[in-house]
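Student: Hey, can you work out the whole structure from these sequences and the hints?
As you go down the protein sequences, you meet chains A and P in turn. In terms of this note's numbering, the first sequence is residues 1 to 174. In terms of this note's numbering, the second sequence is residues 1 to 194.
Be a bit skeptical, because a hint or two may be false.
What the hints assert, rightly or not - Straight-line distance between alpha carbons at most 25 Å, and here's what the computed BS3-like set of lysine-lysine pairs gives: (1) P:Lys180 to A:Lys7; (2) P:Lys183 to A:Lys7; (3) P:Lys180 to A:Lys165; (4) A:Lys165 to A:Lys7; (5) A:Lys165 to P:Lys183; (6) A:Lys21 to A:Lys150; (7) P:Lys180 to A:Lys170; (8) A:Lys96 to P:Lys180; (9) A:Lys170 to P:Lys80; (10) A:Lys96 to A:Lys7; (11) P:Lys183 to A:Lys170; (12) A:Lys150 to A:Lys96.
As the list claims (entries may be wrong) - Which bits of chain P does chain A cover? Going by a derived footprint, with three or more residues having C-beta under 8 Å, they are: (13) 104 to 113; (14) 174 to 182.
Note that these hints are calculated values from the structure, not bench results. Glycine included, every Cβ here is placed at the ideal spot set by N, Cα and C.
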Amino acid sequence: MEIAWSKTRKSFPLSDKKIIKKTLINGLGWAALILVGHVAAWFTLKSNGADRWLLPATAAAMLILAIFLNLSYQFQKWYFAVYFYDLTDDYVVIRKGPITPHEITIPYERIQDVYVDQDLLDRFFGLYDVHLSSATASSGLEAHIDGVDKVGMEGLREILLETVKNRISKAKKV
Amino acid sequence: MMSWDGITERTYPIQTSWLFKPIASLILPFVWVFSLPFHDHKFPVVVFFMFPGVLLVFFAIQITTAYLRRITFHFSLNEKYITVRQGIIKKQEKHVPYGVIQHVIIQQDVLDRFLGLATFALENATRGAGNEDGTQMIFGFKIKGNRRQQVETIGFMGNRLRIPGLSVANAHGLKDALLKMMKENPLEDNQSGL
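Tutor: In structure tokens, the structure reads:
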């Protein structure tokens, strides 16, 4: 799968651990769902005296989980490949979504804050999300680069803050 | 060199295929209803025969609403701001200076990709004069913007201006033109908090 490289993504690449993390999150959801279904099937079979179907039912549940995990992994690989972000001279451009693409472009002068966060799995995998906000509510949700390592996060943070500072100084002089 | 001059809904039109988008999204549920008598023999046959008529009326309303929204929506890029006029019955007009636009968005949902369409959107930092949080009063009922209509929002609602149904090339062309105007028309008082 061809990676959507940009100058910025080459300098501060997404970590491929992001694929595993996202697959794991989806996998846990599917596993919980399949487990509930399987327990219900188990009790139904037991109460109807169909014990010989218990093993095939368990095998089927495992197979379904493996299929979903594989599908989820392939999708996350695709999502990872098309993930595009670039810090151009004037704007930050972030584009995501292999099926329903979504692209946001923010001029540096509009950036209100840069913040970094990690959820529990991010801490486990050593991943960071870099968010930038303009003065709108939606930008906090839509404008973030998620799944970079510590070096990438520090680099992105520095370059964003530096560029915004320079742009403001330039605007004030004019 | 791209210029603001002449950039309107005429040069960046909402495609005709967009009119059929609300219908396309309902095809699967309707196929399911049509298949009901074949796997549910207790399904009343009268309802089955009435169904095409109801369907036609529903589709006609959807297409007419979308068409009216499209022909009553106008935008133009001027020297200092973008002007938008909209409304079938209640007419609204808004002027957004380039300097206060916070960001621009291009997005496609599944049907957009199938039909080769894209939605262009921009946001400023207001809560949206006229429509608080995208709510609107209809016959005395307060209705949330997202649920108000099957037909996609055209124009401004709250702090967002949406132009759906553009060709992908036009959506990117409009984005480039607008970013250029934003760069050329900065606010004197910089808005960044950093």
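Student: The structure should be examined with respect to each hint, and the outcome stated for every one.
Tutor: Each hint, compared with the structure:
1. P:Lys180 to A:Lys7: holds, 21 Å
2. P:Lys183 to A:Lys7: holds, 22 Å
3. P:Lys180 to A:Lys165: holds, 21 Å
4. A:Lys165 to A:Lys7: Cα-Cα ~21 Å, so holds.
5. A:Lys165 to P:Lys183: holds, 17 Å
6. A:Lys21 to A:Lys150: Holds, because 16 Å separates the two Cα atoms, which is no more than 25 Å.
7. P:Lys180 to A:Lys170: At roughly 18 Å apart (the allowed maximum being 25 Å), lysine 170 of chain A and lysine 180 of chain P satisfy the hint.
8. A:Lys96 to P:Lys180: holds, 23 Å
9. A:Lys170 to P:Lys80: With a Cα-Cα distance of about 21 Å, the restraint between lysine 170 of chain A and lysine 80 of chain P holds, given a limit of 25 Å.
10. A:Lys96 to A:Lys7: holds, 17 Å
11. P:Lys183 to A:Lys170: Judged against 25 Å, a Cα distance of about 13 Å means the pair holds.
12. A:Lys150 to A:Lys96: The hint holds at about 21 Å.
13. 104 to 113: Holds: 9 residues of the region 104 to 113 of chain P have a Cβ under 8 Å from chain A.
14. 174 to 182: holds (count 3)
In this structure, every one of the numbered hints holds.
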